[in-house]
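Peer 1: Chains as they are written, first to last, in this note's numbering: chain A, -4 to 393; chain B, -4 to 393; chain C, -4 to 393.
There's no promise every hint is true.
Unchecked claim - Cβ pair distances, simulated, as ranges:
#, chain 1, residue 1, chain 2, residue 2, range
1, A, Glu125, B, Ala291, 35 to 43 Å
2, C, Lys295, A, Tyr175, 52 to 60 Å
3, A, Tyr175, B, Lys199, 54 to 62 Å
By construction, these hints were calculated from the structure, which means they are not laboratory data.
Model, not experiment: these values are computed from the prediction.
Every residue gets a Cβ at the ideal spot worked out from N, C-alpha and C, and that includes glycine.
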Amino acid sequence: MKKSKIKDSVKLLEKLNIEMFGKDFLLTWEKSDDDILATLETAEILKNLYENNISCKVYESGLGISIFKDNSTRTRFSFASAINLLGLALMDLDEGKSQIAHGETVRETANMVSFLSEVIGIRHDMYIGEGNSYMREVGAALDDGYKNGVLHQRPTIVNLQCDIDHPTQTMADLCWLKKYFGGLENLKGRKIAMTWAYSPSYGKPLSVPQGIIGLMTRMGMEVELAYPEGYDLLPETIEVAKKNAEKSGGKFKISNSMQEAFKNADIVYPKSWAPFKVMEERVKLLKNNDDAGLKALEKKCLENNAKYKNWECTEDLMKLTKDGKALYMHCLPADITGVSCKAGEVAASVFERYRLDTYKEASYKPFVIAAMILLAKFEDAPKLLGDLLKDGGKRINF
Amino acid sequence: MKKSKIKDSVKLLEKLNIEMFGKDFLLTWEKSDDDILATLETAEILKNLYENNISCKVYESGLGISIFKDNSTRTRFSFASAINLLGLALMDLDEGKSQIAHGETVRETANMVSFLSEVIGIRHDMYIGEGNSYMREVGAALDDGYKNGVLHQRPTIVNLQCDIDHPTQTMADLCWLKKYFGGLENLKGRKIAMTWAYSPSYGKPLSVPQGIIGLMTRMGMEVELAYPEGYDLLPETIEVAKKNAEKSGGKFKISNSMQEAFKNADIVYPKSWAPFKVMEERVKLLKNNDDAGLKALEKKCLENNAKYKNWECTEDLMKLTKDGKALYMHCLPADITGVSCKAGEVAASVFERYRLDTYKEASYKPFVIAAMILLAKFEDAPKLLGDLLKDGGKRINF
Amino acid sequence: MKKSKIKDSVKLLEKLNIEMFGKDFLLTWEKSDDDILATLETAEILKNLYENNISCKVYESGLGISIFKDNSTRTRFSFASAINLLGLALMDLDEGKSQIAHGETVRETANMVSFLSEVIGIRHDMYIGEGNSYMREVGAALDDGYKNGVLHQRPTIVNLQCDIDHPTQTMADLCWLKKYFGGLENLKGRKIAMTWAYSPSYGKPLSVPQGIIGLMTRMGMEVELAYPEGYDLLPETIEVAKKNAEKSGGKFKISNSMQEAFKNADIVYPKSWAPFKVMEERVKLLKNNDDAGLKALEKKCLENNAKYKNWECTEDLMKLTKDGKALYMHCLPADITGVSCKAGEVAASVFERYRLDTYKEASYKPFVIAAMILLAKFEDAPKLLGDLLKDGGKRINF
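Chain A on its own, in the form it takes in the complex (with noise of 0.2 Å):
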């Protein structure tokens, strides 16, 4: 992207009301229209100034605190990607090599690690019910410190997945649909199918779908969710999708075929995920440490999940979708047959036409991230944008 068109992308921005600042991100339905399309715009901007060398760095020091209660590849490193771009330093929460098990309360914690921080982000998606609330409880023990004159900053909190969103996923899968089909007004009346699919564990996070269901309906795109009995996803997210489609002229449907749901679909976002009230099991069972109730639940689970093998994206399915077209999408890693798996959720061949798609649709993560700290930290960011783009510091020197 030429300069002048970052230019535009700034005045764009301009135009917007944003209300992001000194905000966290935690689910994108509780940010405005405005909000979202200022990330989108960030983001993009972002990863043109540092396509053209142009540095972003806006900090001289600082910490960005990662806080990771699950294994993480692309999250980990595109949150330490954003913050080294902005110019912070990686300081990780390990609870392994830290005081906290020893019955040291979040509220304590939230304060002790930030008295020089400007980012917190948090995974913590395995437990249903406690993964959003816990970052809220380390919103609030940050409003404290900061209102009470313990902290002279408010770190922004970042929701790097939790049990109920997926946000810094949906937003960089929203900026790669939004270039894949040329803006967001050509995403209006498309169909995505958001379907679940086969995959040889269990317990996998419900967020991606209640992201994508939550996002997508609010671009007046038709979305359809598909799944096998049983492997509902939480209420409430769907009240959520339900509304906004209403709202954006979309539609929001639900069924229990992924034939359906391929039917004439624009998109197809297969991936597995355990049912919400096994996950309520599984959380009880854990604070227990019951460990063969564990082992009984997964083999009950993967027992049920066995009997929906056939929901896999192969190239039979696809042939159902747009012109047999539809573009694959994942949040990574995919459950690849014959590849990472003997059966999953999609066939190889069909992955790997889509695959270097997958990969691009992940690139816009760390700008994301980025966008959504540096919206929640700047006042006038479109303002801060402009005048990096002007002053033009090269991010390498030579």
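Use these hints to put chains B and C onto chain A, whose structure you have.
Peer 2: Frame of chain A, contents of chains B and C only:
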């Protein structure tokens, strides 16, 4: 704080006879009174520069190394924050991932990690007789490497808690007392009760009480140390406290009564620790991998602790203090009765009343560590700080 | 070194036909003689810039990724130091904390961590036939991602030790020899004894001896490789050494006698390694999780090793070398008899006499790594280095 005030602080610093350049910070009582004052003042200047958005980045590159032989949250993050503030990058020497188990000497490791390093922060507090010695062994190795042309610069060592002292904690405590009482001169004659308190755990380091009695006795304070029979500190630290009190015109007293200590105190610091004789025994058992012995020792100690459950900082005890309003201090995390444990060091209502105060107490630590580094690495620190203020480079570039 | 000397070094560099831009550094014998010279010279320039307090920060942001599939202290810290010197932030790909176990392909992971990365340092030395191949697989994935617009830049790969070569070690060794003997031209005709030595451990990589014979034979040296029967190196590396010696006018000889090798040597490099056939067997057992097999193999190998306890670098052996004063080298940590083990690779008195020399040898590694990165990432490295010198930005800003 206004910038003009920072200027005054720098002027104050200029008048001190600082002898910290090129020296490690291992024990507060190895530092002169002017060194202590300089550290406090520098910490305050750095805090104020930070709060005025003035960058304190004096390094464009260089590593700051941390070696934690015990868990840590706040010290870990404080050290990370401190070195980041000065422009260094953190590199943790995680012994599990290194080849050190392999029989490598401390002398060798110290040099191998230091080719481009400016500071090494070390926590080594679990082994009586070993932590501080280890730091000196590292220091000697660095001296040797530097003298012989292996190292281009001599990294400075900061004691992040050893078996004897916890200087970054006690100096942060002193910063906080200075702030709370409006100046060091206002500490003269005030009574501080450093007392043991009950905890349902055992094996807590002795470095905080030892460090507190060693440092506060220099401020002309009346320091009263109280603990149940058998919970003695290292005899050498008692000697230090006695001498310091004598020299400063303060007082130092030991009793076996929490009531006695709290009576008319301006400040109380109730905190659990293990008797040093237990710690010595434990070291032997640890070295022999004597699991049965360790379990037996733990059982015995916990039983012994349990005899002193009444050593809890309750509301009733607080009423004995000066006007019932002594400042409660703690290095955190505290064992709070009914919050982090069934019965602990402090009543929940007392802790809650002083909670934000303890957070503020902790907030000085990053700046204290940065001050220790700065004064060890730069011969004319007052000029450097003055220049930072004058040049006024922004930390947040917008 | 004075700045005028650095200028001379840069001029020297300008005259070389450097072909490293855009290429990974995987094996020294894939690099031209001019590439080797350029790496040595650039490393020295960077070291001298550093020692003259001139900042070498060419990046304002960007990640440097490390992937360690084996333990490491010095290489880990050297890599961290190198990328920090250039302005990059370290991000370790810790496979335990990632989703990689999940069946994710190397191709995918390589792209996922590289969106804002400039370099990937990899240690993968435990599996004969796999380490170097893995690096090439990562490289091919990056090429693919870069070519197809997934990545905006192609991170360069630096081999931090594989099953075949250990180029950052051997190049640092060569820097040290150049310094020690006052120039590469003074290495011509000198005898270096690369010999096996006894160690009470088994399974040590072969990369150092293989790398040493592959590199030093290019310097016109007389390289003698000596090991007990059965401790063969990879046949392909023997071929490389033979060809290199022939081309450079040096010599390459293999014997089964440590005495023979030490006789009249200018340099000795006694170091333990495992026979490659054992390593091959071990790989199979590891892959089958055959614990019993592994234990049996270890037992057999240690017993076999024990037959050669007399392969120790003793004072008597040292007397056989040129004037009894050959330079002793080691990649560290060495197994020192009576220090790190009962009986090992080298006598304590020999090691102690050369200890500081081995530390200096190691001190070149951070600069060698930084040189490899710089030459791969910047097409006109001589100009860049000249500019750094001219602009003279300070590393320590005071």
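Peer 1: Would you mind marking each hint as holding or not holding in the structure?
Peer 2: Each hint tested on the structure:
| no. | hint | in the structure |
| --- | --- | --- |
| 1 | A/Glu125 with B/Ala291: 35 to 43 Å | holds, 38 Å |
| 2 | C/Lys295 with A/Tyr175: 52 to 60 Å | holds, 59 Å |
| 3 | A/Tyr175 with B/Lys199: 54 to 62 Å | holds, 58 Å |
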